[in-house]
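Engineer: For reference, the chains in residue letters:
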Amino acid sequence: MDAFTTHTGIGVPLRRSNVDTDQIIPAVYLKRVTRTGFEDGLFAAWRKDETFILNNPSYAAGSVLVAGSDFGTGSSREHAVWALMNYGFRVVLSSRFADIFRGNSGKQGLLTAQLAQDDIELIWKYLENEPGSAVTVDLVSRTVTAGDIVAPFEVDDYTRWRLLEGLDDISLTLRHEQDVTEFESRRPAYKPSTTVA
Amino acid sequence: MSGTLAEKVWDAHVVRRAEGEPDLLYIDLHLIHEVTSPQAFDGLRLAGRTVRRPDLTLATEDHNVPTTPGPITDLVSKTQVDTLRRNCEEFGVRLFPMGHAEQGIVHVVGPQRGLSQPGMTIVCGDSHTSTHGAFGALAFGIGTSEVEHVLATQTLPLKPFKTMAINVEGELQPGVTAKDITLAVIAKIGTGGGQGYVLEYRGSAIRALSMEARMTVCNMSIEAGARAGMIAPDQTTFDYLKGRENAPQGADWDEAVAAWQHLCSDDDAVFDAEVDLNATTLTPFVTWGTNPGQGLPLGESVPDPETMGDDNEKAAAQHALDYMGLTAGTPLREIRVDTVFVGSCTNGRIEDLRAAADIVKGHKVADGVRMLVVPGSARVRLQAEEEGLDKVFTAAGAEWRLAGCSMCLGMNPDQLAPGERSASTSNRNFEGRQGKGGRTHLVSPLVAAATALRGTLSSPADLVDLVDAGAFEGSK
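Chain order of the listed sequences is A and B. Sequence positions in the first sequence follow numbering that gives the first Met the number 0 and run 0 to 196. Sequence positions in the second sequence follow numbering that gives the first Met the number 0 and run 0 to 475.
Please note: incorrect hints may appear among the correct ones.
To be verified - Derived list of chain B stretches under chain A, where covered just means 3 residues or more per stretch with a C-beta under 8 Å from a C-beta of chain A:
| # | segment |
| --- | --- |
| 1 | 21–32 |
| 2 | 99–107 |
| 3 | 149–160 |
| 4 | 235–246 |
| 5 | 254–260 |
| 6 | 408–417 |
| 7 | 438–449 |
Unchecked claim - As a list, the in silico EDC-like pairs of lysine to aspartate or glutamate whose alpha-carbon atoms are at most 20 Å apart:
| # | chain 1 | residue 1 | chain 2 | residue 2 |
| --- | --- | --- | --- | --- |
| 8 | B | K313 | A | D117 |
| 9 | A | K190 | B | D251 |
| 10 | B | K158 | B | D22 |
| 11 | B | K313 | A | E120 |
| 12 | B | K158 | A | E120 |
| 13 | B | K158 | A | D178 |
| 14 | A | K190 | B | D253 |
| 15 | B | K158 | A | D167 |
| 16 | B | K161 | A | E153 |
| 17 | A | K47 | B | D321 |
| 18 | A | K124 | B | D310 |
| 19 | A | K190 | B | D238 |
| 20 | B | K161 | A | D155 |
| 21 | B | K158 | A | D156 |
Think of the hints as simulated: they come from the structure by calculation, not from any bench. Given the structure is predicted, the values throughout are model-derived calculations rather than measurements. Cβ coordinates follow ideal geometry from the N, Cα and C atoms, glycine included.
Let the hints inform the model, and build the full structure from the sequences given.
Structural biologist: Below, the structure written as structure tokens:
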């Protein structure tokens, strides 16, 4: 996983709330068995509409998605994160994220920065008035800068540290393998096994 | 120290706790299927890692499988299923493949084998893993990276969830079911209302539910945004589990029950939030929009977006009505459907099929309506056939299928065509969920069956001219 400190890229104002993962990537794209190449499925249904924001050439190369509240609800599919990242997004800004999506994002290196809805509205207006403008997301200072707007965002300390260091989860856990083995020795005997019966 | 049920199960599984870091939580059971696992196994292979506990891991094929006899014809679906088979073989994971007597939807298979037990931590790369919380387990959906993490370490680093009590008191009227409880809860707290929480369903109405009905309630917790749903185990739970092949046997059983009896929230436990719902006044619930929170009692009409909260909410509701092809003010009962789907991990268990069969018995599915009945597992199918339910459905003109996720999601041949409308016992009415352009109304098995007979969204109480529905009068 690549370390993330600061990122500057074109901001894409997505004025929709409750964007569920079926909209981010429809189920039909879930049949693949690879980890890459999901960019064609990103917002697949909406991209057929020529007025959709990513079909506007000014925003097409966007890497900072500025979304409405409750982004990433619904199915736990991690493909939603892959689709966003394969397309080129490194950051999603929203006033509220669905838990599973947010967890998945942190593990893949996609920053989900939680801002006040008022700040989201300001950034939307700015990006709509000046299409193709850049947004800078600084994970060190936890701030988003868009034109004159400087807004703080929330991300939990642990995820932030992991992103800053570019650390992958499994290696971190394996540093405590001894604890896992000790825990296993204390598990009750009545716990089920999938390999019997 | 007093605590909630969720906190007790959590605390009993902490492998390691350190200031400023998530807890490292041990996972008792890891269920996998063909959709969210290939990239996880790929990750293991790339890093040269193995599956730490194949004996705590179980795989089934469900999302992609066709529910008509014969092999998978869709090449991409076949690739996923073949990949799962190869991965299970290579990493020593037990698999129930298509055609196996134990195959079925992952959330039906675990409980029916007695694998899902009180006090366990259960995960699966599927958000409806919350189903298993019906047993008093802490069960939640995870992403593919987490699947890889659990395969490699049998643990997950997690921050504690908040807890919310959902108190459902009173007695359900005839014709009102667990599905109506859960749709009413979601309509009340919204699709984001449960965000960050484990919901614990409590109260007399919950205690009175069967295990299968409890699974329906917990299954849909995710649709309120919650990580998990739980119900404290009781005699109903123990009776369901006793004798199942993966339940404890002999002295182990006694030891387990003794431990399980302590699994409840203490009287003085404090929840981070509480919500109350009156079961007695509940009536059959249906959704009108494109998220599970957009639901209303069947007796009402399609709502007017103009009467809703802020501009975003108005716009979202209008967008939903446009997609659904509905006009504000239309009585929900007048909405005509093309398809009725009974099945899924929400309502694909034997009790659900029995309930639907009771309604359609001796009648015909309305002209122009296609009714699909899809058992949640091969075992449910077999049991239904032993009880003659298959004949009831086929005599009524419904299709009786093989086990799988089927029309719950557009990943297998069972789909809605663009513009088609369904009454569906599944869990999600998102745009395109049941097929591109398809329109979904979420309903209970009883409403699904009544709708199949009348052709418009209906409850059993509406069938008074068709059947002796006196028993369902209260649900009108």
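Engineer: Please write out, lowest number first, the hints stated earlier that are contradicted by the structure.
Structural biologist: 2, 7 and 12
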